[in-house]
Each structure stands twice: as C-alpha cells, then as structure tokens.
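Number of protein chains: 2
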Amino acid sequence: MAVYTEVSDEELRAFLATYDLGDLLSFKGIAEGVENSNFLLHTNKGFYILTLYEKRVAEEELPFFLGLMNHLAERGLSCPTPIRSRTGEMQGHLAGRSAAIISFLDGVSVRRPQPRHCVEVGRALAELHLAGDGFALSRRNALDVEGWRGVFLSCREGIDGFKPGLAAEIEKELAELSRDWPRHLPSGVIHADLFPDNVFFIGDRLSGLIDFYFACNDAFAYDLAICLNAWCFEEDGSFNITKARGLLQAYAQVRPLGKDELAALPLLARGAAMRFLLTRLYDWINHPEGAFVRPKNPNEYLLRLRFHRSITSPAGYGLDA
Amino acid sequence: MAVYTEVSDEELRAFLATYDLGDLLSFKGIAEGVENSNFLLHTNKGFYILTLYEKRVAEEELPFFLGLMNHLAERGLSCPTPIRSRTGEMQGHLAGRSAAIISFLDGVSVRRPQPRHCVEVGRALAELHLAGDGFALSRRNALDVEGWRGVFLSCREGIDGFKPGLAAEIEKELAELSRDWPRHLPSGVIHADLFPDNVFFIGDRLSGLIDFYFACNDAFAYDLAICLNAWCFEEDGSFNITKARGLLQAYAQVRPLGKDELAALPLLARGAAMRFLLTRLYDWINHPEGAFVRPKNPNEYLLRLRFHRSITSPAGYGLDA
Numbered sequence: 171m172a173v174y175t176e177v178s179d180e181e182l183r184a185f186l187a188t189y190d191l192g193d194l195l196s197f198k199g200i201a202e203g204v205e206n207s208n209f210l211l212h213t214n215k216g217f218y219i220l221t222l223y224e225k226r227v228a229e230e231e232l233p234f235f236l237g238l239m240n241h242l243a244e245r246g247l248s249c250p251t252p253i254r255s256r257t258g259e260m261q262g263h264l265a266g267r268s269a270a271i272i273s274f275l276d277g278v279s280v281r282r283p284q285p286r287h288c289v290e291v292g293r294a295l296a297e298l299h300l301a302g303d304g305f306a307l308s309r310r311n312a313l314d315v316e317g318w319r320g321v322f323l324s325c326r327e328g329i330d331g332f333k334p335g336l337a338a339e340i341e342k343e344l345a346e347l348s349r350d351w352p353r354h355l356p357s358g359v360i361h362a363d364l365f366p367d368n369v370f371f372i373g374d375r376l377s378g379l380i381d382f383y384f385a386c387n388d389a390f391a392y393d394l395a396i397c398l399n400a401w402c403f404e405e406d407g408s409f410n411i412t413k414a415r416g417l418l419q420a421y422a423q424v425r426p427l428g429k430d431e432l433a434a435l436p437l438l439a440r441g442a443a444m445r446f447l448l449t450r451l452y453d454w455i456n457h458p459e460g461a462f463v464r465p466k467n468p469n470e471y472l473l474r475l476r477f478h479r480s481i482t483s484p485a486g487y488g489l490d491a
Numbered sequence: 171m172a173v174y175t176e177v178s179d180e181e182l183r184a185f186l187a188t189y190d191l192g193d194l195l196s197f198k199g200i201a202e203g204v205e206n207s208n209f210l211l212h213t214n215k216g217f218y219i220l221t222l223y224e225k226r227v228a229e230e231e232l233p234f235f236l237g238l239m240n241h242l243a244e245r246g247l248s249c250p251t252p253i254r255s256r257t258g259e260m261q262g263h264l265a266g267r268s269a270a271i272i273s274f275l276d277g278v279s280v281r282r283p284q285p286r287h288c289v290e291v292g293r294a295l296a297e298l299h300l301a302g303d304g305f306a307l308s309r310r311n312a313l314d315v316e317g318w319r320g321v322f323l324s325c326r327e328g329i330d331g332f333k334p335g336l337a338a339e340i341e342k343e344l345a346e347l348s349r350d351w352p353r354h355l356p357s358g359v360i361h362a363d364l365f366p367d368n369v370f371f372i373g374d375r376l377s378g379l380i381d382f383y384f385a386c387n388d389a390f391a392y393d394l395a396i397c398l399n400a401w402c403f404e405e406d407g408s409f410n411i412t413k414a415r416g417l418l419q420a421y422a423q424v425r426p427l428g429k430d431e432l433a434a435l436p437l438l439a440r441g442a443a444m445r446f447l448l449t450r451l452y453d454w455i456n457h458p459e460g461a462f463v464r465p466k467n468p469n470e471y472l473l474r475l476r477f478h479r480s481i482t483s484p485a486g487y488g489l490d491a
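Chains H and L, in that order, give the protein sequences. This note's numbering applies: residue 171 is where the first sequence begins, and numbers increase by one. This note's numbering applies: residue 171 is where the second sequence begins, and numbers increase by one.
Hints may be right or wrong, so weigh each one.
Taking lysine-lysine pairs in the DSS-like style, the calculated list, with each CA pair at most 30 angstroms apart, reads [said to hold, decoys possible]: (1) L:K198 - H:K225; (2) H:K215 - H:K198; (3) L:K429 - H:K215; (4) L:K466 - H:K198; (5) H:K215 - L:K215; (6) L:K342 - L:K215; (7) L:K225 - L:K198; (8) L:K198 - L:K215; (9) L:K198 - L:K466; (10) H:K342 - H:K198; (11) H:K225 - H:K466; (12) L:K342 - H:K198; (13) L:K215 - H:K225; (14) H:K466 - L:K198; (15) H:K342 - H:K429; (16) H:K215 - H:K333; (17) L:K466 - L:K333; (18) H:K225 - H:K198; (19) L:K466 - L:K342; (20) H:K466 - L:K225; (21) L:K225 - L:K466; (22) L:K333 - H:K198; (23) H:K466 - H:K198; (24) L:K215 - H:K198.
Hints listed in this document are in silico derivations from the structure and should not be mistaken for laboratory results.
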C-alpha cells in the first residue's frame with residue numbers, strides 16, 4: 171500500500187464523534203491492504219483500524235463485507251470486527267469515501283510458510299466455511315469460470331507479448347474448464363483470497379484471518395483449491411506435497427470433504443491457478459509505465475496451472491486415493 | 171513515506187530476541203517520517219516504533235540522535251525514547267540497516283495550526299532548549315549559513331529554470347546573510363525541523379515532539395526563527411502576526427529572550443527561510459522524472475524570505491519593540 175487518502179483533522183474528528191470510542195490519541199497511515207487506505211487509530215478505548223475504501227470496493231458491496239466480518243466474529247472466528255457507530259452503523263463516510271472502523275487484530279503474516287502453518291490454515295479455512303453458515307447476504311463470485319473469460323478477453327491482445335502462444339493455451343484451457351467445471355459442489359461463503367498476506371500468526375499459532383474484500387458465495391472446495399495454490403508451492407516453483415497433505419487433512423478434520431469435492435480438486439486447482447494467472451496478466455499488461463507498484467509476475471501461476479493439469483486424482487495432493 | 175525496507179520474519183525475530191520486549195504480536199509498516207522506514211511494533215510489553223535508518227541518517231550520527239532523545243526524555247520532555255537492548259544498546263542492525271526501537275508516542279499532528287497551537291509550540295521549543303542542557307554529545311549544523319552556499323552551488327544551474335533571476339537574488343541574499351549572521355547568540359541543542367508534522371497534539375494539548383534527525387548545535391533563536399516560518403504563515407502566503415506573537419511570547423515565558431536574540435530575529439528568519447528555500451529548490455531540480463514523491467514547491471519559502479526582508483524589528487513579529 172503506497173497511496174493514502176488524506177484525512178483532515180476536522181473530518182476525522184467529526185467522523186469519530188459519530189462513534190463511542192472516546193478521545194483520539196493517535197492516527198497513522200499503515201502499509202496494509204493493497205487497494206484501500208488503512209490507518210491505525212488509537213483512542214482511549216483501544217487500538218483500531220480505520221479503512222477508507224478506494225474504488226475497487228463498491229459502496230453497495232460494503233454491507234456484505236462488513237456484515238460478513240461481523241457474522242464470522244459473532245460465530246467465534248478470529249477476524250477483524252466492524253465497530254458500530256452510536257446509531258448502529260458499520261459503515262460511514264470520511265474524506266469523500268466509504269469508511270469503517272474495525273477492531274485491531276494482532277498477528278504477523280508469514281513470508282515463507284512451513285508445513286505447520288499450512289495445517290493451521292487448513293483448519294481455519296474449514297472453520298470459516300462452517301461459520302459462514304446462516305449469513306443472510308450473498309455475493310456472486312465475479313471472478314468465476316465465466317468471469318475469467320471476461321478478464322481474458324479484456325487483455326487478450328497483450329498476452330502473446332508476455333509469452334508467445336500463451337493466449338491460445340489459455341483459450342483452450344478456459345474451454346475445458348468451462349465445459350468440465352463442477353457446478354453442484356457444496357457451497358457457501360468463501361474467502362477467495364486466503365494468501366499468506368491475509369493470515370496472521372502469533373508464534374506458530376494462527377491468530378486470525380483478514381481482508382474479506384474478495385469474499386463471495388462459491389464452492390467450498392474451490393476456496394481450498396485457491397489455498398493449495400497460495401500455500402503449497404515453493405519459491406522455485408516446486409509443489410510441496412507435505413504442505414498440501416497437511417492443509418487438506420486439517421481442513422477435512424473440521425469439515426469432511428465429500429467424494430465429489432475430492433474428485434474435483436485437480437480441476438478446481440487448475441481453475442484457481444487460471445484465476446490468478448489471468449488477473450496477474452491483466453495487471454502486467456495494463457501496468458502504467460513508471461508506476462510505483464511493480465506487478466507480480468504471472469509466470470508463477472502458469473507453471474502452477476500446468477502442474478495441476480498433470481494431476482489426475484486427489485492422491486496427487488497427498489491424500490489417500 | 172512510501173518505500174519500506176522489507177524485514178523477514180527470521181531477521182525480525184532474531185533482532186527482537188536481543189530485547190526484553192516479550193513476544194511479537196504485530197508488525198506493520200507505517201507512513202511516518204520521510205526518509206526512514208518506520209514500523210508499528212506490538213509485543214506483550216506494549217506498542218513501539220521500530221525505525222530502520224535509510225541513507226540520510228549516517229550510522230555514526232545515531233548515537234547523537236538516540237542519545238539526545240534519551241537525554242530529553244530523562245529531563246521530562248515528551249518525546250520518543252529509545253528502548254535499550256538486553257546489553258544496554260540503543261541501536262542495532264536489522265535488514266542491512268541501522269535500527270532502533272523507540273517508545274510509541276500518542277498524538278496527532280495538526281494540518282492547519284491555530285494560534286493556540288503556536289502558543290503550545292513556543293512553550294515546548296523553549297522547554298526543549300532548556301532540557302538539552304548538559305547533553306554530552308554535539309553535532310554541527312550542516313545546514314548553517316555556510317552549508318546553504320554549498321546547497322546553492324550544487325543546484326545553481328537549475329535555479330533560473332525554476333524562476334528566471336532567482337539565482338542572482340539568492341546569491342545577493344546569501345552574501346548579506348553571511349556578512350551579517352550573528353555568531354555569538356546563546357546556543358545549544360536545537361531541533362532544527364520543528365514543523366507541524368513533528369509536533370503531536372491530543373486535543374489542543376501538545377503531547378510531544380518527534381523526528382530529531384536534523385537536531386544539532388546552533389543558536390536557540392535560529393530554531394525559533396524556523397518555527398516562525400513553519401507555523402505562522404497562512405496557506406495563502408500571508409503572515410499571521412497573532413500566531414507569531416503567541417509563539418514568541420510563550421517561548422519567552424519559559425526561556426527569556428536576550429536583546430541580541432530579539433534584534434537578530436528578522437535576519438535569523440530570513441536565514442531559516444533561505445535554508446528551506448534552498449533544500450526545496452535542490453529537491454525540485456533533482457527530482458527524478460516520474461518519481462513517486464512530489465517535491466514541495468520552493469516558491470512558498472521565497473515569499474517568506476522576501477517577507478522577512480521587509481521586517482526591521484521584532485515588532486514586525488508582534489513583540490513590543
């Protein structure tokens with residue numbers, strides 16, 4: 171996070187006056203989150219995070235995101251909890267943007283996950299899936315198998331400039347994914363972006379999950395497939411089957427996986443790799459010259475996609491066939 | 171602050187192990203300070219700031235800066251205090267840089283200072299000058315009247331590109347300042363950069379001073395002249411004599427000003443305006459194309475310099491002649 175929306179003293183004071191949080195003691199921009207502006211807020215009631223929502227998070231979607239965090243926290247999941255204003259609102263306006271005050275969650279994200287971290291993540295993901303049950307709102311996954319095609323078409327022209335022949339490879343893959351995608355797996359609220367950045371640990375113990383701004387309704391096993399991609403590959407591109415087994419087994423201990431979910435895993439993992447390959451390609455191609463943030467290399471996800479194509483059964487991820 | 175040095179988990183844990191601060195609970199990059207990387211550190215002993223010193227702050231100068239904060243805090247001034255390691259050190263190494271852990275200071279800087287804030291700042295500046303007494307180390311002011319000439323010569327070529335005729339105006343002014351500069355005023359440790367960014371308030375009460383990385387030994391009244399420039403002009407460039415009177419009177423209540431100091435104020439204020447005019451010109455001229463941080467417009471300080479040239483006695487700053 172590099173750019174912050176400026177908040178004037180007067181605006182901040184007026185905004186805080188709508189909350190029962192006592193006096194303002196400190197307010198500092200923090201480097202967390204990629205697209206929103208986040209501030210550490212200290213009042214004599216404690217420490218909080220104040221988030222200003224920049225363009226990607228549409229105002230009309232905030233009730234889903236904030237309501238979900240509130241729902242999950244009430245169900246005992248460790249995640250940031252929106253603080254309600256004096257009139258009971260979870261979202262307000264500050265500096266021309268939608269804004270929310272959220273509880274401060276301790277923990278540090280790990281840069282090089284170990285197998286023990288993957289076990290913790292598997293368990294927490296299953297707990298999240300169970301805790302989402304009963305949440306009243308729903309949100310379509312804009313980046314589903316149909317959504318990927320939209321991203322592909324919007325940057326198709328530039329893809330072969332990144333790697334000759336890649337556009338054709340993606341097109342063929344998208345056709346297969348679309349044809350074979352399992353559409354009747356157990357579904358509910360998924361995180362959809364549970365990368366190491368979004369999981370906090372204190373020591374080796376998982377202390378909470380953050381950043382629910384991609385959360386949506388989709389197949390639980392697809393969320394697990396995203397985690398396989400995000401947590402179980404080494405920096406050199408190799409697949410760590412010990413991490414995958416740990417993650418999947420820990421998940422299944424909390425929420426047992428059905429036969430259909432297990433059988434679908436290789437295809438779901440291909441789809442998850444495709445989703446991140448495409449958004450990274452889009453960012454790479456549309457990256458303004460000289461911009462501050464360097465886009466992530468899409469190639470990593472192309473290699474993961476090809477890896478998952480080579481897997482024919484859950485045994486490839488370390489589970490008993 | 172935009173660019174952070176990356177700190178790996180392993181390095182951070184090893185560094186923290188040299189302190190008696192308990193377990194790491196949270197670690198977030200914060201947007202504070204212009205040239206160092208600052209992180210909010212939460213351990214089960216409390217909240218702290220961890221600073222990594224980037225190139226401008228030379229390692230050999232850190233004992234002065236950290237020692238000064240420690241000295242001032244021991245004398246009761248509200249400022250960040252360096253935390254000592256288990257072996258009693260105030261500075262260490264982390265991620266290839268000098269590093270220090272400093273107490274977390276509550277407060278918020280004001281963006282639009284009011285006269286009441288200027289009164290608080292005048293008082294705090296005098297308290298700082300008194301509290302610096304007895305500090306064992308000293309540091310020459312690299313940006314003194316001779317230092318300004320060096321900055322001028324290093325960017326002279328580009329100055330008329332910013333404003334035709336300005337190089338000649340500065341040259342003439344520098345000659346006068348150098349000729350008339352008072353060299354025997356009461357001196358000691360000065361902050362030398364006490365802009366609104368570096369003063370914290372809780373409500374209307376000043377809660378502390380931060381960022382001592384320009385501190386040095388020089389005339390106390392020059393520090394006051396820097397504050398006149400930094401606190402007493404309005405956004406439209408006009409001089410607010412009510413703010414100046416409040417600042418100067420509050421200062422003098424804590425540390426009375428001598429006749430020589432009062433008489434020198436207009437010249438010192440010209441010098442202070444020159445110092446910021448020159449460093450802003452330097453940054454403006456040497457600003458890399460497309461860089462992230464937009465340099466501040468030097469023109470503001472040219473107008474202040476010209477204003478101070480029109481002042482012939484302390485009455486021009488609201489004091490009784």
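We went through each hint and held it up to the structure:
{"no.": "1", "hint": "L:K198 - H:K225", "result": "holds, 23 angstroms"}
{"no.": "2", "hint": "H:K215 - H:K198", "result": "holds, 17 angstroms"}
{"no.": "3", "hint": "L:K429 - H:K215", "result": "violated, 49 angstroms"}
{"no.": "4", "hint": "L:K466 - H:K198", "result": "holds, 21 angstroms"}
{"no.": "5", "hint": "H:K215 - L:K215", "result": "holds, 18 angstroms"}
{"no.": "6", "hint": "L:K342 - L:K215", "result": "violated, 56 angstroms"}
{"no.": "7", "hint": "L:K225 - L:K198", "result": "holds, 21 angstroms"}
{"no.": "8", "hint": "L:K198 - L:K215", "result": "holds, 17 angstroms"}
{"no.": "9", "hint": "L:K198 - L:K466", "result": "holds, 27 angstroms"}
{"no.": "10", "hint": "H:K342 - H:K198", "result": "violated, 48 angstroms"}
{"no.": "11", "hint": "H:K225 - H:K466", "result": "holds, 21 angstroms"}
{"no.": "12", "hint": "L:K342 - H:K198", "result": "violated, 42 angstroms"}
{"no.": "13", "hint": "L:K215 - H:K225", "result": "violated, 38 angstroms"}
{"no.": "14", "hint": "H:K466 - L:K198", "result": "holds, 21 angstroms"}
{"no.": "15", "hint": "H:K342 - H:K429", "result": "holds, 27 angstroms"}
{"no.": "16", "hint": "H:K215 - H:K333", "result": "violated, 54 angstroms"}
{"no.": "17", "hint": "L:K466 - L:K333", "result": "holds, 15 angstroms"}
{"no.": "18", "hint": "H:K225 - H:K198", "result": "holds, 21 angstroms"}
{"no.": "19", "hint": "L:K466 - L:K342", "result": "holds, 24 angstroms"}
{"no.": "20", "hint": "H:K466 - L:K225", "result": "holds, 27 angstroms"}
{"no.": "21", "hint": "L:K225 - L:K466", "result": "holds, 21 angstroms"}
{"no.": "22", "hint": "L:K333 - H:K198", "result": "violated, 36 angstroms"}
{"no.": "23", "hint": "H:K466 - H:K198", "result": "holds, 27 angstroms"}
{"no.": "24", "hint": "L:K215 - H:K198", "result": "holds, 21 angstroms"}
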